[in-house]
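Q: These are the residues of each chain, in order.
Protein chains: 2
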Amino acid sequence: MADINNISLNTATTKLKWSLSQAIDGCARHEIAGISPWRDQIQEMGLHAAAKHIRDAGLRVSGVCRGGMFTLPHGHDRQAMLDDNKRAVDEAAELNADCLVLVVGGIPDGGATLADAHTQVSDAIAELLPYARSANVPLAIEPLHPMYAADRACVNSIAHANDLCDELDDGLGIAVDVYHLWWDHNLKAEIARAGKERILAFHICDWLKVTSDMLLDRGMMGDGVIDIPLVRSWVEEQGFDGLYEVEIFSQDNWWQRDPDDVLSIIKQRVAEAV
Amino acid sequence: MADINNISLNTATTKLKWSLSQAIDGCARHEIAGISPWRDQIQEMGLHAAAKHIRDAGLRVSGVCRGGMFTLPHGHDRQAMLDDNKRAVDEAAELNADCLVLVVGGIPDGGATLADAHTQVSDAIAELLPYARSANVPLAIEPLHPMYAADRACVNSIAHANDLCDELDDGLGIAVDVYHLWWDHNLKAEIARAGKERILAFHICDWLKVTSDMLLDRGMMGDGVIDIPLVRSWVEEQGFDGLYEVEIFSQDNWWQRDPDDVLSIIKQRVAEAV
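If you read the sequences in order, they're chains A and B. Residue 1 is where the first sequence starts when you use our numbering, and the numbers rise one by one after that. Residue 1 is where the second sequence starts when you use our numbering, and the numbers rise one by one after that.
Some hints could be false.
To give a feel for the contact side, a few chain A residues facing chain B, derived at Cβ under 7 Å [as the list claims (entries may be wrong)]:
{"id": "1", "residue": "N96"}
{"id": "2", "residue": "I107"}
{"id": "3", "residue": "G111"}
{"id": "4", "residue": "T113"}
{"id": "5", "residue": "P146"}
{"id": "6", "residue": "M147"}
{"id": "7", "residue": "D151"}
{"id": "8", "residue": "N156"}
{"id": "9", "residue": "H160"}
{"id": "10", "residue": "W183"}
{"id": "11", "residue": "W207"}
{"id": "12", "residue": "K209"}
{"id": "13", "residue": "M214"}
{"id": "14", "residue": "V225"}
{"id": "15", "residue": "D227"}
Just so you know, the hints here were simulated from the structure itself, not pulled from any lab data. Even glycine gets a Cβ: it sits at the ideal position worked out from N, Cα and C.
Construct the entire structure; sequences and hints are all you get.
A: Written out as structure tokens, the structure reads:
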């Protein structure tokens, strides 16, 4: 079974009710080993204060969410996008994060095609990588579910992420999120292809059979259809020894609850359903 | 450019306002070459009457929607499901359809996993195939978008459909629907892998960048982000010479319009954006 000492809280799970500071304290209170903060919350708290608070609480940072958004309409300021990604690398370095998660961006407005977007993603990662390598921050491409291909991320399978890693090489890996990838009949083989070196993060939640909203209706582990223990076993067979990062976007359910209750339930569900 | 003499109307596009009989007349009136009826409409009209009316109108039947739904909870009557699929084969034969489209079913209730569902699908198709072969009705697996993996169809990539074709052999092919498959970075290669023999249908509509509903908010060709001419070129490079079947689920937009207007716009958009 999954080890409840290996949990990380992605702060999206509690962001409606808790600031980053509160989330850090909550993790310490519930003996949750790690945290994965979002950049807006880091900026709100201040980078140095956040780093100190996380360090003092003894938390591992399983990732920083997020860099990316590489795809831009024609004429848009590309340099500003790259500069912002470099700042994200700096923040991940200061927080000693396991990786900077990349959500690569969708199809830009103005008639761009999927192929155009793919080229922009590949080019931008190639430009960002030397900076990330020199900062010792691994970049984790997060393949998003194909339902986000148009508006959020045009890398939608672990096969595609693996292809990009083949192409762009060292310092680049993958965030394996069961919500985005569970349906893929080649998932086991592609996790093996990624191997220990590339698997930089493991994100969990559940896919509800009746999903009312494409973005904000993720389920708690055990409430949906994903065979999470199976996917975890595939990741761990490769030698992954990072944390299980719990990331639940749930406007009408989990975000409305007392985050202390949510954290208690997360621990219980990791023991039972992960 | 696409040939407007190669259009087929999937009757889901007009089903809110038109019966099957009205849709047949509408196709004839707009010089649309083919039709793809849904089984509930066939039953409502009567199979023999539908076959005669379609024949008299000179329409090609690009497919019958749909067989499948092979995945069942434990203890559910499997024979009834298989019998119903055989009736669907009979209907497709009577209508001289190019294929019977299969929507394979999602994850059954009661704790089944994706792997369980995949096994049920493979087993059921293997049982149905001899019957379909003897009726000369090709079976077309329609890989659905991964967002339907839980509730409608657990075959969610053309790669998976190709694997099933490899496994189960003659008489089995694929319905290539741009809405379900457009995001796949391996789509060109998998269409080539399928080849002329397996590409039994080509379904078109568009993916709206802002999609308000996971099922009922498909776009008209040209209103979304899919590079339809590119996918069409890949299919036609393989020698596909069937019709472009227009299937638009659109509760709040296209279903509310006068179907005669919808058919006029379809012809225009096939000329401009397909």
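Q: Are there hints from earlier that the structure breaks, and if so, what are their numbers?
A: 1, 3
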